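Asker: Each chain, letter by letter, is given below.
2 protein chains.
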Amino acid sequence: MYKYRLVTPGPVAVSERIRRAMAEELIHHRAPGFQPVFREVREKLQQVFQTRREVLVLASSGTGAMEASVSNLLSRGESAIVVRAGKFGERWAELCEVYGIRPVCVDVEWGRAVRPEEVRAAFEAAPAARALLVQASETSTGVLHPIRELAEIVHERDRLILVDGISAVGVHDLPMDAWGLDALISGSQKSLGLPPGLAFVALSENAERALERTTQPRYYFDLRKELEGQPRGHTAYTPSVSLILGLREALRGILDEGLPQIFARYQRTAHSVRAAVQALGLELFAPDAPSYACTAVCLPAGIDGAELVRRLRAVYGVHVAGGQGKVAGKIIRIGHMGDVDGFDLLAVIAALEMALLDLGYPAKLGEGTRTMTQLLREFSLEKG
Amino acid sequence: MYKYRLVTPGPVAVSERIRRAMAEELIHHRAPGFQPVFREVREKLQQVFQTRREVLVLASSGTGAMEASVSNLLSRGESAIVVRAGKFGERWAELCEVYGIRPVCVDVEWGRAVRPEEVRAAFEAAPAARALLVQASETSTGVLHPIRELAEIVHERDRLILVDGISAVGVHDLPMDAWGLDALISGSQKSLGLPPGLAFVALSENAERALERTTQPRYYFDLRKELEGQPRGHTAYTPSVSLILGLREALRGILDEGLPQIFARYQRTAHSVRAAVQALGLELFAPDAPSYACTAVCLPAGIDGAELVRRLRAVYGVHVAGGQGKVAGKIIRIGHMGDVDGFDLLAVIAALEMALLDLGYPAKLGEGTRTMTQLLREFSLEKG
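In order, the protein sequences belong to chains A and B.
Here the first sequence is numbered in my numbering, starting from 2 and rising by one per residue.
Here the second sequence is numbered in my numbering, starting from 2 and rising by one per residue.
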């Protein structure tokens, strides 16, 4: 009855324009025709990462780039401060343990952003820690951490800050060079609006020096090889050519729209979704420091999150994400990235109203959509 | 003037049918719609790998699966016999070194297949070696190694045989279970006819036991997590959804045609290309044990391989591969995999005749194509 609408916080809906680019006849990555594509992609990635450093392209999911930054920048026996405020913070800690690095975890209640003073205290308690590992946007909770302030704390100590920007790059203003981020990571299936399969990591000069002295086994994710080859147009191993063809289209679209415009659009979209959800009487899971990548919504007592997600998808074609780990069944997450506009998100709100009513929650039908429509209209008027 | 024809030994031309499947609207890997796709893909991969074991799907290039089999099956301080007969044999040895495993290399002249007695002698000289690491088809030289005989030698000793089948699975008959291969690896951009970005590895029961006792840092390529999740439909990290949609189409096509029919087709195609090349007075680089995945051709004195490759591509639209490593400039390699039929390869032979003449080699124009046409016709007649 309804079309399928993919609105999880990744993977995201891929525009037809990008899908067509990926469906073009395959060229070989050593063909002359691929070189200008890869050059353009690398230059445009630098603009999106707001860096003059090389943005390395890896054929893996985002986790591969997280692993690469750990195994290339930290050595066995060292320690690192880890902000553990959700599932992806846990992933940083797991990666450290696998590589014999002691994670000094700053445990933050899920749904809350880390406070800079918590990280400062962690460094004071563990002054030998080599690095801070943190998410910019913690996709599992919809929280945005204060990266700029955290970077300042790290710089006072001459340590490294490794930032998982998988659901933040291209959504929030996260200027790598201006803020002095030492590793900035992203993936293809979030704000870039591509299918999964590509990961990205850019390293600062300090990080590049650390790269040389690190002793960890690494081969597929050996960033020394990538830093040597990619500026000359060659990945160390066969690149995902079709995804890179799609990436060019995606980056063109992003830079045509303009980063400031995109950040403003995400801000307004996220704001209007949050207001709509609150108009339905629901509470936000991360009210104080919400990421614009997705909105996490607490479910009212008596509503089973898994059942709501299932019903939204089966009856209304709306694919949102449920909660992960300790908040499974307790929240839903509505993604704002990819080929999704304000009207798609309006449909999500309408479907949410209907599904909640179906499940016995007294949603005021039309209150969410009215609120959202008003806010979307204000945004249109502002833009002229 | 001519269409682009991609005939390297990978990446390969991707059929329009597969490209269309990949260009379908993206679904989420946790959506119910993805489950039947992934189930079908896993079942059909088992048929292509000729195994009842799980064929694990990784989001990486084939090198990622090679690394996974080393880091998951071998421990620091152990040793392994490595057949080093080309660039990919060298890769096995490099991977061992990165993980603190001593490679005991059987060095084989490029263009020649390893002899079983060479491997037997290596095991006698290094009886503690835990495993044999070998390519089935060594893509850099176009050689096929005698995997069945090598597996028997390994089994006598109760050791493991890890087979890089990246350009052999789906080309040559390589029955994993019947031959007792402990790890069989492949990638998407070879016989499966997909773009790069997926790798595959299947493990025997013995390999699975080794997995449990191995101590190596591994996270993205931790096969224990994949073996736990994939039989239940979940990869450990976000899978490359669009490539997996294409993979389903590819596998359907392969099994519709039938493995024995495909092996026979490759055999005849490779045979006809080799005969055509010889009819031009050129020599084969791997005359004794040629892989059917590609034909490596020695270049006559005075012909610069790089120049020939360039001319074939620039003037005739035919994209073959040159030599790698120590045979750079000395050979060309014509791939037979992917969306390439006998008539495409006939065009390659015609272009080769013309380009050789252009560069001053006295090719007898029409001799190669006549030979090839005759052989293709015989094959058609046989098939009825």
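Watch out, some of these pointers could steer you wrong.
[Claimed, not checked] Computed list of lysine-lysine pairs in DSBU-like fashion (alpha-carbon distance at most 35 Å, straight line):
#1 A:Lys226 to A:Lys45
#2 A:Lys88 to B:Lys327
#3 A:Lys4 to B:Lys45
#4 B:Lys365 to A:Lys226
#5 A:Lys45 to B:Lys365
#6 B:Lys331 to B:Lys365
#7 A:Lys45 to A:Lys384
#8 A:Lys226 to B:Lys327
#9 A:Lys331 to A:Lys365
#10 B:Lys88 to A:Lys327
#11 B:Lys384 to B:Lys327
#12 A:Lys327 to A:Lys384
#13 B:Lys45 to A:Lys45
#14 A:Lys226 to A:Lys384
#15 B:Lys384 to A:Lys226
#16 A:Lys4 to A:Lys226
#17 A:Lys88 to A:Lys45
#18 B:Lys88 to A:Lys226
#19 A:Lys331 to A:Lys45
#20 B:Lys4 to A:Lys88
#21 B:Lys365 to B:Lys88
#22 A:Lys331 to B:Lys88
#23 B:Lys4 to B:Lys226
Hint data in this document are derived by calculation from the structure and do not stem from the laboratory.
Every value quoted in this text rests on a predicted model; they were computed, and no experiment measured them.
Asker: None of the hints should be skipped; say for each whether it holds.
Answerer: Structure-based check of each hint:
no.: 1; hint: A:Lys226 to A:Lys45; verdict: 21 Å, holds
no.: 2; hint: A:Lys88 to B:Lys327; verdict: 47 Å, violated
no.: 3; hint: A:Lys4 to B:Lys45; verdict: 30 Å, holds
no.: 4; hint: B:Lys365 to A:Lys226; verdict: 44 Å, violated
no.: 5; hint: A:Lys45 to B:Lys365; verdict: 49 Å, violated
no.: 6; hint: B:Lys331 to B:Lys365; verdict: 21 Å, holds
no.: 7; hint: A:Lys45 to A:Lys384; verdict: 25 Å, holds
no.: 8; hint: A:Lys226 to B:Lys327; verdict: 20 Å, holds
no.: 9; hint: A:Lys331 to A:Lys365; verdict: 21 Å, holds
no.: 10; hint: B:Lys88 to A:Lys327; verdict: 47 Å, violated
no.: 11; hint: B:Lys384 to B:Lys327; verdict: 41 Å, violated
no.: 12; hint: A:Lys327 to A:Lys384; verdict: 41 Å, violated
no.: 13; hint: B:Lys45 to A:Lys45; verdict: 39 Å, violated
no.: 14; hint: A:Lys226 to A:Lys384; verdict: 45 Å, violated
no.: 15; hint: B:Lys384 to A:Lys226; verdict: 49 Å, violated
no.: 16; hint: A:Lys4 to A:Lys226; verdict: 45 Å, violated
no.: 17; hint: A:Lys88 to A:Lys45; verdict: 30 Å, holds
no.: 18; hint: B:Lys88 to A:Lys226; verdict: 16 Å, holds
no.: 19; hint: A:Lys331 to A:Lys45; verdict: 39 Å, violated
no.: 20; hint: B:Lys4 to A:Lys88; verdict: 49 Å, violated
no.: 21; hint: B:Lys365 to B:Lys88; verdict: 33 Å, holds
no.: 22; hint: A:Lys331 to B:Lys88; verdict: 52 Å, violated
no.: 23; hint: B:Lys4 to B:Lys226; verdict: 45 Å, violated
Consistency with the previously given hints fails for numbers 2, 4, 5, 10, 11, 12, 13, 14, 15, 16, 19, 20, 22, 23, ordered from lowest to highest.
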